[in-house]
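**Q** For the record, the sequence lines run as chains X and C. All residue numbers for the first sequence refer to numbering that gives the first Met the number 0, where the first residue is 0 and numbers rise by one. All residue numbers for the second sequence refer to numbering that gives the first Met the number 0, where the first residue is 0 and numbers rise by one.
Derived from the structure by calculation, the hints contain no laboratory data. Heads up, some of the hints might be wrong.
To give a feel for the contact side, a few chain C residues facing chain X, derived at Cβ under 7 Å [to be verified]:
1. Ser491
2. Ser495
3. Ile497
4. Val499
5. Tyr504
6. Ala505
7. Gly507
8. Leu511
9. Val514
For every residue, glycine included, the Cβ atom is placed at its ideal position computed from N, Cα and C.
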Amino acid sequence: MIEPAFVEYVASAYLVARAFTRKYDWAVAIDAAFLAFAGWALATAASPGAALLLLPYALGLFLVPRGALRNYAGFASAMAAVGAVLMAEPQPYLKALGYLLATTAPGALIAAGLDPGSLEGLFRYLIVSSASVSFIIVGLSAGGELGSLLIFAGILIELGAFPAYIWVPDVYGRSAPEGLVLVSSLTKLASALALLLIPASPPYWAALAVGAASMLIGNLGALTSADFRRILAYAAVVQAGFAAFAYPITPALSAFLIFADAVGIAGLFSHLSSPGPKWSAWALALNNVGAPPLLGFWPKLVLLVEASKAYGPAWTIYLLAMIAAMIPYYARLASSAGSGGGARPPIAAVAAVVVGALAPLWFINVLSLL
Amino acid sequence: MNPYLLALPFAAAIVDAATRRGYAAVAASAALLALTGLSNPLVFLLNSLYLIISIYSLWYIDVEKRGWYWGWMDAFYGSMLAFLASDNWLVVAAGWGGLDAASWALILTHEEHEDRGWVGDGARRAGITWLWRPSDSALRAMATVELGTAALLIGLAQGASLYGPNIGEWGVLPPLAAAAVMLAAFVKSAQLPFTDWLMTAMSAPTPVSALLHSATMVAAGPILLLRLSPALAPYWPYATAVGLATALYGGVVALWQREPKVVLASSTASYLGLATALAVESPAAAAALVMAHGYSKAALFMAVGEGIHEQGTRTPSGYSPLAKAAIAVALANLLGFMPLGGLAKSQMPLWAEVFSALTFGYVVGKLLLAKTEGRPSPLSALALVASLMSLYPLSYRFDPLWLLALAGAVLVKPPHVEALARRLYLPVAFAEVGSAAASAFRSFGLGDSAVDSALWSIPRGFLAAARAVARADFAVDSAFHSSVPSAVMAASKRISSIAVETYLYAVGAAALAVVVALFLL
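Whole structure, please, built from the sequences with the hints as guidance.
**A** Here it is in structure tokens:
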């Protein structure tokens, strides 16, 4: 693991530098440099493949197209990345701090546009998020079976899994899309990493039930929604369901699932805010459905194979049906979300295509982690 | 005999076909006669007769297709020479096939309209017209003898696979191969029931008949049998039965034939029947008989040919004195009253006198008792030379029993019997079998062309299948590219207008409440 003190020095230096930077380009450059450092630190401390985990955070630098708080997108991404790294520390207080940073920093960007809807969305999110963080802190302090259950519940609240999913369409539905780029991807990724890094051992049937119900409710909601933000909100519930469903198999698979979806959903919100070319919308939507050879295909493939081994054919068929149910609304989204000259969605789309197509280079490493 | 000498007749064929004269034929046969001499009696018979007949033809042949005639005559001679001189089964078979081809070609020498090329009286009897023109005769000959040649190839090939290529060294043949070889011999020498092709082969010019009936073609049948007599030894009863039946048929039918050449053809069938009957059991007797018969029959045809040539009809009214002398010598030879005939007769059983009597009957009745008219020509002189070749064995032993043949005098003027004049209606059976075979061939051809067109339609079927697959593929493609996606889109849009969110919220709130309650409890 990275020497915490060293991280603190660099993080402090970064904070100082960032506090005096007003210009967007400079801000992005400093944020990028810090994330590059974080990537180097992860690569040297863990493995070169671990640096790939920073991909959504790096994308977070670029995917917020507009809004008064646009300058802080990189900052929030960097803080979230620091939080993710801190969660890997053994000390419970560092785990709690890391989780707080990783969820709250990107969440703050909901109000990027400073419009009343987004502000209300931000406050609602902060309430939910503070509840989630509280569950985790209490769970970490309590320890034992109860603590484990509380930690799991806290993470599920943040993920927006059944039954605590209402807040997701509620917050997403009233906020501007540019503000949702980070909260829809980085906070979910933080929760998924928390599943991996903060030990919890809920009963396996609970995870299965929560996962199955979340997928069903999410798909129903997405299928019956017309507002693109609400579609993506329910899609996030479905993804939370996948993560919960995969959790008893191995928490790393949950993180892998959310990791791949984070690229797609961040790109799609960016597209809703400032549309890019049609193909980028399709690539991002298909990534989240899980079409080969996009990035999103690989974790779903592992999930299907492992679920068929762990849960049997009935649950595999259920999974397949849930994946198939995603096609109509993602297709509707990609075909009618409009198109434009936005340069940001293609960044995410290219990342999904390239990383997915280069899967042979890294997939074996991922499998060894699972 | 040097095998290279076999090329001589074929070289002569090329020269003669080109020059349309027969000098190369005369030269080649004279040269071969001088070179081979008496070493092989059957080769001597062939060489000497071809020399005489080719000289005869120099006067006789006034046909339009002279080059054709001479070329094929030389090839005919060469084929027989190859058949006689070689022991290799392939050369024997090639010579055998060459005889078929040459006799087919030579039967076609006369034009279709020439009376000399016709056989039969033109009557309509028993459902057929008794008239055969050269093309009919050639087809009948070819269709019949090729059956034998096919059988020969099968029989000889099996023999060669068992005992090696040299037919002189073969042991006893298995039944099937023996049957094939004997069938070939029977067909070639016009044995029953294949006799009738020889009767209508009279369409050929007389010198062809003289050669075909004496030293070549039909003689090849018994010669094959006697050459293979060790290989066929156990099967002699079949050869004897078929040979005797044909001998009797030919001898009796000859008495009632109107055209002198058909009389002689019938007689040939009869004598070759005798030779066939003897060939396997006593090959030496058969060889002597083939020789005696060869010179006599050649002389008879040549003598009759003078009348045909001078009078321009296949039914001459009489013969010159010299021709009659030749006929008389030939008859005496056949009856055993000449050295060669005596040699043959001395080796034959007594019942052979029956056939001598029949011979006396038809030769005297049909030829010697005809009018004596016309001036002798070189043709009859050559006929006399051929008949006098029967003097060549230097010793002669007479058996008084042979005088029994003179009893044939009672057969000189037989009463008319329609069935016998019609050759016991064998041509009718021949026509029936022929047309049945033709329709069998035709239906085989139809079946074959049906199979062919079926095969040709396979590509069309493939094309149609490929088109169908392409159409189906297009349908599936358009379904996946447009129908299914637009259906999904439409369904998605319709579903999106359903308002269930309230219920979803309610479910969520209720579930949350339950969880909290459970937690609190």
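**Q** If a hint holds in the structure, say so; if it does not, say that too.
**A** Against the structure, the hints come out as follows:
| no. | hint | result |
| --- | --- | --- |
| 1 | Ser491 | holds, 4 Å |
| 2 | Ser495 | holds, 5 Å |
| 3 | Ile497 | holds, 5 Å |
| 4 | Val499 | holds, 5 Å |
| 5 | Tyr504 | holds, 6 Å |
| 6 | Ala505 | violated, 10 Å |
| 7 | Gly507 | holds, 4 Å |
| 8 | Leu511 | holds, 5 Å |
| 9 | Val514 | holds, 6 Å |
Violated hint: 6 only; the structure is consistent with all others.
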